[in-house]
Amino acid sequence: MKVTIDGIEIDVPKGTTILQAARLIGPQVAPPAMCYYTKLKTSGGYCRTCIVKVTQGSTANPTPMPKPVASCRTEVMDGMVVENFINKEILEARKGVVEFLLINHPLDCPICDQAGECKLQDLGYENGSAKTRYEFKRREYEMIDIGDKIKLHMTRCILCYRCVKTAEQITDKRLHGVVHRGDASEISTYIEQVIDNDFSGNVIDVCPVGALTDKTFRFKQRVWFTKPVDAHRKCDKCCGKTRVWLKGEEVVRVTARKDQWDEVEEFICNSCRYDHKKTSDWVIEGPSPIHRNSVISQNHYQHLNELKVQVMKQQKALGFMPIDKKP
Amino acid sequence: MGKKLLIHNDKVPGIETLEVYRAHGGYASVEKALKTMTPDQVTDEVKKSGLRGRGGAGFPTGLKWSFLAKPEGVARYLVCNADESEPGTFKDRYLMEVIPHALIEGMITSSYALGAKTSYIYIRGEYFYVARIMEKAIAEAYAAGWLGANILGSGFTHDCYVQVGGGAYICGEETALLESLEGKRGNPRIKPPFPAVAGLWGCPTVVNNVETIAAVCPIVNMGGEEYAKIGIGKSTGTKLISASGHINKPGVYEIELGLPVEEFIYSEEYCGGIRNGKKMKAVVAGGSSVPILPTELILKTAKGEPRLMTYESLADGGFVTGTMLGSGGFIVMDEDTSIVKNLFTFTRFYHHESCGQCSPCREGTGWMEKILKKFLNGTANESDVDLLWDIQSKIEGKTICPLGEAAAWPVAAAIRHFKQEFLDVARSKKFVDVSHYNRLYKVNT
Numbered sequence: 037m038k039v040t041i042d043g044i045e046i047d048v049p050k051g052t053t054i055l056q057a058a059r060l061i062g063p064q065v066a067p068p069a070m071c072y073y074t075k076l077k078t079s080g081g082y083c084r085t086c087i088v089k090v091t092q093g094s095t096a097n098p099t100p101m102p103k104p105v106a107s108c109r110t111e112v113m114d115g116m117v118v119e120n121f122i123n124k125e126i127l128e129a130r131k132g133v134v135e136f137l138l139i140n141h142p143l144d145c146p147i148c149d150q151a152g153e154c155k156l157q158d159l160g161y162e163n164g165s166a167k168t169r170y171e172f173k174r175r176e177y178e179m180i181d182i183g184d185k186i187k188l189h190m191t192r193c194i195l196c197y198r199c200v201k202t203a204e205q206i207t208d209k210r211l212h213g214v215v216h217r218g219d220a221s222e223i224s225t226y227i228e229q230v231i232d233n234d235f236s237g238n239v240i241d242v243c244p245v246g247a248l249t250d251k252t253f254r255f256k257q258r259v260w261f262t263k264p265v266d267a268h269r270k271c272d273k274c275c276g277k278t279r280v281w282l283k284g285e286e287v288v289r290v291t292a293r294k295d296q297w298d299e300v301e302e303f304i305c306n307s308c309r310y311d312h313k314k315t316s317d318w319v320i321e322g323p324s325p326i327h328r329n330s331v332i333s334q335n336h337y338q339h340l341n342e343l344k345v346q347v348m349k350q351q352k353a354l355g356f357m358p359i360d361k362k363p
Numbered sequence: 010m011g012k013k014l015l016i017h018n019d020k021v022p023g024i025e026t027l028e029v030y031r032a033h034g035g036y037a038s039v040e041k042a043l044k045t046m047t048p049d050q051v052t053d054e055v056k057k058s059g060l061r062g063r064g065g066a067g068f069p070t071g072l073k074w075s076f077l078a079k080p081e082g083v084a085r086y087l088v089c090n091a092d093e094s095e096p097g098t099f100k101d102r103y104l105m106e107v108i109p110h111a112l113i114e115g116m117i118t119s120s121y122a123l124g125a126k127t128s129y130i131y132i133r134g135e136y137f138y139v140a141r142i143m144e145k146a147i148a149e150a151y152a153a154g155w156l157g158a159n160i161l162g163s164g165f166t167h168d169c170y171v172q173v174g175g176g177a178y179i180c181g182e183e184t185a186l187l188e189s190l191e192g193k194r195g196n197p198r199i200k201p202p203f204p205a206v207a208g209l210w211g212c213p214t215v216v217n218n219v220e221t222i223a224a225v226c227p228i229v230n231m232g233g234e235e236y237a238k239i240g241i242g243k244s245t246g247t248k249l250i251s252a253s254g255h256i257n258k259p260g261v262y263e264i265e266l267g268l269p270v271e272e273f274i275y276s277e278e279y280c281g282g283i284r285n286g287k288k289m290k291a292v293v294a295g296g297s298s299v300p301i302l303p304t305e306l307i308l309k310t311a312k313g314e315p316r317l318m319t320y321e322s323l324a325d326g327g328f329v330t331g332t333m334l335g336s337g338g339f340i341v342m343d344e345d346t347s348i349v350k351n352l353f354t355f356t357r358f359y360h361h362e363s364c365g366q367c368s369p370c371r372e373g374t375g376w377m378e379k380i381l382k383k384f385l386n387g388t389a390n391e392s393d394v395d396l397l398w399d400i401q402s403k404i405e406g407k408t409i410c411p412l413g414e415a416a417a418w419p420v421a422a423a424i425r426h427f428k429q430e431f432l433d434v435a436r437s438k439k440f441v442d443v444s445h446y447n448r449l450y451k452v453n454t
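Chains A and B, in that order, are what the protein sequence lines are.
Sequence positions in the first sequence follow our numbering and run 37 to 363.
Sequence positions in the second sequence follow our numbering and run 10 to 454.
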């Protein structure tokens, strides 16, 4: 099936969604997604950040779709023409969605552990406005402990339902859902019942914001001061392939490996996540690929020397003198 | 006197019992359909009748039925949407309360046409007493052999159940209704797949409004072509209108589609004019979610033609100068009504009823309510009107289900037609009696 997104054509198999097709083309056309998660069935469609305009439904039926559609849940048709970043209406609508997501978000990034790897931060920088138009009191909740290792900070939640789907699909029994309605909706474990199984920790990784955080890592370190390396160990519960975040020689936390779209490659068990916090527990493979725009890569040493040389060259070309050599 | 097909017997004493209902020609459509017609013939009659969904969207019922997937060996369901929660609409309640057998008769006939062996009547939680009336009527129908195995010896078996909802407006949205019926949280599903392909428990399902299903009986009795002669153009048949607000005779009226709006409001047969001899200010023509229209535009279209009670005539001019027939919740407001206050009431309702799945509706409805609250408190600024307009435009069309639109349209229409009133309230810095804002509205061309 041929689909054109922002003027770029791609051939994809039947059943591919617009979002997946756009990701196959590349980040230049892929819409942002806050709630969709490839690994979780029935996820997506809630946050509305990935909306796109379909200007031609298919070759057989070329009428445009009247409303913007959620690209993560709309399958492509042969000859479909989609507009994402080139459509001003869509950019405006997305700006609106980001504003809605942020009006009840506490914006406590300076004390939030997710800062630096938060999808909402990225989304806000890319599509949000600099000032808020919301002048009312923001929604607040008490913090809840989900088990002894996970902290639920509901105030930061954007209700993407990812953790609910995770609890439903990869853990044994679901004790974790949404209660109440509308903007009073709340992720709950039904009167603070504990999620007690070996894969519960993955809800931390799927959370796009800082609503679910690892209590063994909370307030320990800012992520951009840590160095992520891919590592593995022999584990009989999960694949054992993880990302280990180092501060010097110390393992400050362990997460699952994430791909280019910030989605977990393989879910890991709680034992790997919480119980192996020594460098000697792990076989380190090498530095993790981190996008160069990410704040985490600021502390990433892989190409640092090369980068220094390049900066020097540029400065020389522009006629600057290095700071320490200035008279 | 207009023709009445649905509630013509409503004043007969004891019409809620099977005996009296039968004596007044009840269950004739079941007899006719099961004995003399094939299921496809019944569907054809409904198609010919031009019947359109009475729940609000006005989608042709025959077409909806023909979309129903019919794979071999898979159960099909008919679900009756009796979750009537739109503010200003109470026609289904009246029909079920007064003539419960009319709905059951329609359920049997429609299920026969669709080949559904099981049907459900999903009643909103607040109508628990209506559910009891329905259950009693269903028990009577079972006892008399109108429901159950082998109805009238035709070999058609049908079971009908009543399910009471939890009292959520969102469960009136068909996919949320199905989720709720399955015992889950009533969140709308993402379409496609449509219920006609994968509905209740993944099986093909038709969801119809109470009035739509009840209207199938007269269609089968009199024939689709005869039914289509009532009404104008594509708006055929009769429609129940729940008239409320500042009128002399509020209540449920059955009208022939095509009745002039002016006649409906001012004639003694229907609403009987505005109470206390006041002037009319505005009308919400089809339940709280459709755009509000000022007097000049509800009586006459922007082109100057008289407005009729039809799907097309009310929608004439789009949303700039028109509205929708919707579910038939006809709310009339007199000159003393404050549109700002009215809009606050509506918006508070949508904020309370938003399911919380998608962000524009979850956050936007609450935001709009808070801004409107500022108007009532006298702390609003003139710029808040523009902000409201901007918020509603960012909700509309960006959500999974139509609740986002239902929340956005009233705000848009109120600002479009009564902007001056909002500005005046904002400037006054206190909430004042707004009866003197009854200025004549000029169509913005």
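Each hint should be verified, as a subset may be incorrect.
Derived DEER-like restraints, expressed as beta-carbon distance ranges [claimed, not checked]:
1) B:E106 - A:Y161: 51 to 59 Å
2) A:L127 - B:A148: 54 to 62 Å
3) A:K256 - B:Q429: 53 to 61 Å
4) B:G406 - A:Y177: 26 to 34 Å
5) B:N390 - A:W297: 51 to 59 Å
6) B:Y170 - A:K256: 50 to 58 Å
7) A:K124 - B:G175: 35 to 43 Å
8) A:K50 - B:G175: 33 to 41 Å
9) B:Y170 - A:W260: 54 to 62 Å
10) A:Y177 - B:R357: 15 to 23 Å
Source of the hints: derived by calculation from the structure; they are not laboratory data.
Even glycine gets a Cβ: it sits at the ideal position worked out from N, Cα and C.
- Task: Any hints from earlier that this structure breaks? Give me their numbers in increasing order, please.
- Result: 5
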